[in-house]
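From first to last, the protein sequence lines are chains V and G. Everything in the first sequence is counted per this note's numbering, starting at 183 for the first residue and increasing by one. Everything in the second sequence is counted per this note's numbering, starting at 19 for the first residue and increasing by one.
Source of the hints: derived by calculation from the structure; they are not laboratory data. There could be a bad hint or two in this list.
Derived CB-CB ranges, DEER-like [stated by the list, open to error]:
{"hint": "1", "chain 1": "V", "residue 1": "G587", "chain 2": "G", "residue 2": "L97", "range": "38 to 48 Å"}
{"hint": "2", "chain 1": "V", "residue 1": "N366", "chain 2": "G", "residue 2": "Q270", "range": "49 to 59 Å"}
{"hint": "3", "chain 1": "G", "residue 1": "L97", "chain 2": "V", "residue 2": "G549", "range": "52 to 62 Å"}
Straight-line alpha carbon distances no greater than 30 Å define the calculated BS3-like cross-link-like pairs of lysine-lysine that follow [what the hints assert, rightly or not]:
{"hint": "4", "chain 1": "V", "residue 1": "K471", "chain 2": "V", "residue 2": "K520"}
{"hint": "5", "chain 1": "V", "residue 1": "K589", "chain 2": "G", "residue 2": "K154"}
{"hint": "6", "chain 1": "G", "residue 1": "K110", "chain 2": "V", "residue 2": "K589"}
{"hint": "7", "chain 1": "G", "residue 1": "K141", "chain 2": "V", "residue 2": "K589"}
Each residue gets a CB set at the ideal place from its N, CA and C atoms; glycine is no exception.
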Amino acid sequence: MRLSRYFVMACALIVALFLVGGLAVAQEKVVITVAAGAVGQELELTREAAQRYMEANPNVEVRVIDTPDLATDRYGLYLQFFEARSSDIDVYQIDVIWPGDLAEHLIDLYELGAREVADEHFPAIIENNTVEEQLVGIPWFTDAGLLYYRVDLLEKYGLEVPKTWAELEEAARVIQEGERAEGNEDFWGFVWQGNAYEGLTCNALEWIYSNGGGTVISPDGVITINNPNAVEAIEMAARWVGTISPSGVTGFAEEDARSLFQSGNAAFMRNWPYAYALGQAEESVIAGKFDVAPLPAGRSGHGAATLGGWQLAVSKYSNNPEIAADVALFMASSEEQKIRAVKGSFTPTIMTLYEDPEVLEAAPFFGTLYDVLINAVARPSTITAPNYNEVSTLFFRAVHSVLTGAKDATSALEELELELQALTGFEIGEP
Amino acid sequence: MMFKKNTGSKLLQREQRLAYLLLLPTFLVLIVVALYPLGLVFVTSFTDRTFASPREPNYVGFNNYAQLLSMTIRELPPLIDEETGLQAVDQKTGEPLYERPLRVLPREPRRYREVSQFSFFGKRYVLGASDPDFIKAVWDTLVFTVISVLLETILGLGIALVVNSPFKGRGVMRAAMLVPWAVITVVSARMWQWMLAPTRVGVINVILQGLGLGDGNIAFLSQPEWQLPALIMVDVWKTTPFMALLLLAGLQLIPNELYEAARVDGAGSFRQFISITMPLLRPTMAVALVFRTLDALRVFDLFQVMLAQSRYSMASYNYYQLIGNRAMGQASAIGVIIFIFIFIFAVAYIRLLGVKTD
Numbered sequence: 183m184r185l186s187r188y189f190v191m192a193c194a195l196i197v198a199l200f201l202v203g204g205l206a207v208a209q210e211k212v213v214i215t216v217a218a219g220a221v222g223q224e225l226e227l228t229r230e231a232a233q234r235y236m237e238a239n240p241n242v243e244v245r246v247i248d249t250p251d252l253a254t255d256r257y258g259l260y261l262q263f264f265e266a267r268s269s270d271i272d273v274y275q276i277d278v279i280w281p282g283d284l285a286e287h288l289i290d291l292y293e294l295g296a297r298e299v300a301d302e303h304f305p306a307i308i309e310n311n312t313v314e315e316q317l318v319g320i321p322w323f324t325d326a327g328l329l330y331y332r333v334d335l336l337e338k339y340g341l342e343v344p345k346t347w348a349e350l351e352e353a354a355r356v357i358q359e360g361e362r363a364e365g366n367e368d369f370w371g372f373v374w375q376g377n378a379y380e381g382l383t384c385n386a387l388e389w390i391y392s393n394g395g396g397t398v399i400s401p402d403g404v405i406t407i408n409n410p411n412a413v414e415a416i417e418m419a420a421r422w423v424g425t426i427s428p429s430g431v432t433g434f435a436e437e438d439a440r441s442l443f444q445s446g447n448a449a450f451m452r453n454w455p456y457a458y459a460l461g462q463a464e465e466s467v468i469a470g471k472f473d474v475a476p477l478p479a480g481r482s483g484h485g486a487a488t489l490g491g492w493q494l495a496v497s498k499y500s501n502n503p504e505i506a507a508d509v510a511l512f513m514a515s516s517e518e519q520k521i522r523a524v525k526g527s528f529t530p531t532i533m534t535l536y537e538d539p540e541v542l543e544a545a546p547f548f549g550t551l552y553d554v555l556i557n558a559v560a561r562p563s564t565i566t567a568p569n570y571n572e573v574s575t576l577f578f579r580a581v582h583s584v585l586t587g588a589k590d591a592t593s594a595l596e597e598l599e600l601e602l603q604a605l606t607g608f609e610i611g612e613p
Numbered sequence: 019m020m021f022k023k024n025t026g027s028k029l030l031q032r033e034q035r036l037a038y039l040l041l042l043p044t045f046l047v048l049i050v051v052a053l054y055p056l057g058l059v060f061v062t063s064f065t066d067r068t069f070a071s072p073r074e075p076n077y078v079g080f081n082n083y084a085q086l087l088s089m090t091i092r093e094l095p096p097l098i099d100e101e102t103g104l105q106a107v108d109q110k111t112g113e114p115l116y117e118r119p120l121r122v123l124p125r126e127p128r129r130y131r132e133v134s135q136f137s138f139f140g141k142r143y144v145l146g147a148s149d150p151d152f153i154k155a156v157w158d159t160l161v162f163t164v165i166s167v168l169l170e171t172i173l174g175l176g177i178a179l180v181v182n183s184p185f186k187g188r189g190v191m192r193a194a195m196l197v198p199w200a201v202i203t204v205v206s207a208r209m210w211q212w213m214l215a216p217t218r219v220g221v222i223n224v225i226l227q228g229l230g231l232g233d234g235n236i237a238f239l240s241q242p243e244w245q246l247p248a249l250i251m252v253d254v255w256k257t258t259p260f261m262a263l264l265l266l267a268g269l270q271l272i273p274n275e276l277y278e279a280a281r282v283d284g285a286g287s288f289r290q291f292i293s294i295t296m297p298l299l300r301p302t303m304a305v306a307l308v309f310r311t312l313d314a315l316r317v318f319d320l321f322q323v324m325l326a327q328s329r330y331s332m333a334s335y336n337y338y339q340l341i342g343n344r345a346m347g348q349a350s351a352i353g354v355i356i357f358i359f360i361f362i363f364a365v366a367y368i369r370l371l372g373v374k375t376d
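In isolation and in its complexed conformation, chain G is listed as follows (with noise of 0.2 Å):
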């Protein structure tokens, strides 16, 4: 379109080849350190390459991701007791029993495993992955991604508010507040892995034992319950500075003769938050959003340093399939995905939030 609108001068169509020469060395760097790693991710997906290994590899088509992604429900049917005739149900707990997942699952042409159960109509089902680590990283990731940038947006905002206000000390608290985004991710989690120790050693255990909650004995990053609440909390501690930070920005570009008419004009605090703050900051805090949900969407450091092994996101899972495993051409094919996965995202994001792209 553009092409044909200017034909006509060519003055600009002079600009135009100068402007794409200007850009030629850039689009060669990006080609070099983007686009071919890209490519290259994106062959040795189709293969079973190892990682370190003189051993040629072989051409396998979609059979990585489809190890990956192969997902099932099926019906647990109930255990029946012989004496009875009826449900069997648990000594202790009085639940119903269900046969074992293990002998529900399909084994060939690809082996299920477990990745959880659950009750419809009355009737027990289990969802069942052929790589179930890598469904329940994807989930974790997700479930971390929304409740962490949902908090950090919340209090990022409340800090904002707070600190835009004039009042003494204003610049020391804007500076402090700074400081758990200074620190680097890694020794910010091997600290907080400290505070988190499942013993008295750790101080939010002794905190907790003080205000009568716990025994003093939580193992907080290897219970399966604690994990997420644990990491996500780490995170808003860290990031919410970088949210506030953003949106103090977006706040200081707000003239203040718009206050002032809303004053002039009776409106309440509340009211100019609503009719005036939040109207105006939506283009900053849509930027925010999509930076912090890109950011923590790739999280690798927290879950890394915090929980290794016993729990993976999608990044320290690709990690461990290529270090720990060698798995050079499966770990390959996660990068893909989280790849296509991020780019859905920032699609839609941009798209539902409207950001102006150009």
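So here's chain V without its partners, still in its complex pose (with noise of 0.2 Å):
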């Protein structure tokens, strides 16, 4: 593998090489790359942004390269892209927990014309992609989780949306016995993602810090995870699994959860927006039988969704920096992420886009995600950067022991603090 690695390294720098210099005689027109996503009609809508903006900029062309799907997969692209100081990408599409990771390689959006436009966006992902004042992308689309519920049953069963977890797994448990009875020996209380990877980090940071147990590691860089909020959070999930929740749930990620809620067997779910639009589709068992809210409450007495979205940001390697931020900032402009949000129901970062009766009309659920985003929760990515990923990995280990029954979770967190305070030296404290 690592032979293989360099191998192709230098023939990409021997081919990129080449490249520029082919390219510093043919070139008349500035090009712009941009790396995105291509999840569904990701790819489609950024395409269309790009001839937008070339129509209205003859002089530039803008390239726009697919990227993987998984997550991890892009991350380990850019980084090959950053070690190797390539100028052949200008503008990347980054996720919420990478900003911290990839700032020293991204631009400062705040020097390049964004600093009017960020008040427009939710608070919370600008301070997100905010890495010691600097700006260093600039919200695209988010994401938070959400509670699905099946409108259908609630009623046959005379229960409301649950507003609290008390609540919650109370009604999940009286659908799944009723279900139960009348004969679907597959149904199921409440589904969520329990496998061992960044879904449960989010997942779990919504569980501790709607009961007042804090972020993991707050925003100023105090290690908080190990308190009696938190402990009394987790073993409620933990008490789920094989009760209202298949005892494969620690197995589960969103597709899992997805395709069980929508064949009809699960009454309650926790997940992303995406499953909205799938769900209504028209050959989905559970079309017009589901909605949205805001996930239940604990202690606190308010509920959190993570917040989850990508961001537009411009390499520091890039051959034209101000064109390229020019760009990411047009292709996040609220006319922009309108279309997207009415064409692929792209959740805004925009606040006012949330009032806009065109959106609203494409995709009603926007109304409650307006409140849920508002009080989104964000990873401890930037704070913890470049060591997000370890803090996450320990996190969710530390979490899914507790799911599987391999420790419990009193210990399990008091580990999980002093792994946390080896890794990244913070103090340890209260919420």
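Fit chain to chain and form the complex, with the hints in mind.
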């Protein structure tokens, strides 16, 4: 693996040198390359936006290249470009947890025209993308955890949409027992993401933060995870496994949860907004039978949704950083985000779009999303950079060990606290 | 030695020079694509270099290696119940309780974490390591290698013997046998991942439940006790055909006259197998074993696709440290350790099985 990587990189370098040499002679237009995602309609929409930019700016050619679907694969690819200090890509689409890690390779967008537009976006995302007073990525579209529930089943059993985790547990139990008594043996109360991966970090952060247990590491760099509220929240989730959730939930990712919910075999689901459009599709058996709500609250009195989503960032190694920044700001502008919201139900990061009638008509659940997003909680990625990946891995593995019953929550969190201290060198404190 | 013997003949000398000259391009390519990168990895392993970071790396000596390989064993004192003065027991299981490893394992100069616990002469011990993930990865890779290669050899031999005997449709059988091996590993890993889904969405759970085993909700890829068996099963499914193919080639080298002569002498089929097939198959089997063992020690795709970060093989841990954790120095040290590890394995194997290398 190692040998071939260097070999490939050497080859790529040689090819790149030729390309740069060739371009310097042949180039008339400024070429800006955008590395973007290709999940669902993503790539198509981005290409259309690039086309509109080129029509307005005939001296610029915007090329959109697609990148791997899995975030970790994309991260690995970007790192290889940065390691080579490559100018091949000017604009990168980056995940909400990467600004801290990649900041040293990215340009401060505040200096290139983002100062005026930053206030239009959700403050939590802008704060997340700000590293040492520099805005390293302009928010493009966002994501947050939501509670999906079956309207028909709540009605059938005379239940309200749960506002707290305790209510959710009770409602899930009642519906599950009722449906099973009627012969659907595969029916479960609540499905979520419990496999040992980044998704569990998102889920567990929601349980803990909504229960007043903090954000694992606070934004000002204090390790807060070892507290009674966090222990209680994780114990609660461990109790679900095998009761209201299948014992296999410890192997679930987003699509496992969605396949159960969308086949009509679950009453509640925690998932991202993307599951909404798919669940309402014509061939779905639950089309028209479900809705979304903010996730339930714990001890803190309010629910919490983990912030997800993607930003556009400009590489420091770009040959034309000003133009690249202009492309990025254009694509993340209000008009462009509106087109993406209407055509592809991509959740905008610009607050006023949630009151836009055209957007609300195309995606009615955006009304709920606004309240969720304004209260969304960011993962502790910016403060722990460049160690966030390791922080998250330690965290989800600790939680997973409690879910599978290998450890009890108290000792798992106590050990996690020491691990995090050894890794980051931060102080330990209360949330 | 050889040079001394050959000094007499000028022709031989000339031929030797020509041989070296002809080999020169190969050596040059080898230096560029193998020795240079390997040397670079070796040098990087003594630094704390971060992957894709402009920060200057520092020289850290053997620190990366010490971090990966440090291990210790400590005794866990029993927990004493304050009321009775006897060892406390778990209320539910009735098992005796010991002090938690966290309190016993040293934290300076480097922190040790629990790898496993074991009892010895009535005392409880804990095995600690400064990087328990790496130690577990080495152990899991070894377990995976030994069991999967053993099963593949036994099954592969059986299949090779069957398809070597003449029967109708043998050609079709031989081709069909190779299908699992022809599928790209990442694809077959993903396929098995779906079949092993943790609910009745997965076909394996459905079958097991139909047979009255389990409740249809076995999380094969996230329950620690199921992870390695599941992976070994997939590897055996995938690589047995390769083993069978190699052994089949070996079987076809055995002249039929030997069996005829044995039959004339009145030897039964079992005796024929022990006295003719096995000894004559030995060189082929040795090569096949070396191949498969070294391959299995480097296993990456199965672990990466099916277990990701919940459990590592040596190679997938190396990848995680490089890309996920960006610890390039540490990852290089892991690379060097794997290299040495496989080198020792290869030499030992070749010596043990008496494979002729010249």
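Hints versus structure:
no.: 1; hint: V:G587 to G:L97: 38 to 48 Å; in the structure: 21 Å, violated
no.: 2; hint: V:N366 to G:Q270: 49 to 59 Å; in the structure: 56 Å, holds
no.: 3; hint: G:L97 to V:G549: 52 to 62 Å; in the structure: 55 Å, holds
no.: 4; hint: V:K471 to V:K520; in the structure: 27 Å, holds
no.: 5; hint: V:K589 to G:K154; in the structure: 18 Å, holds
no.: 6; hint: G:K110 to V:K589; in the structure: 15 Å, holds
no.: 7; hint: G:K141 to V:K589; in the structure: 22 Å, holds
In the structure shown, a violation is registered for the earlier hint numbered 1 alone.
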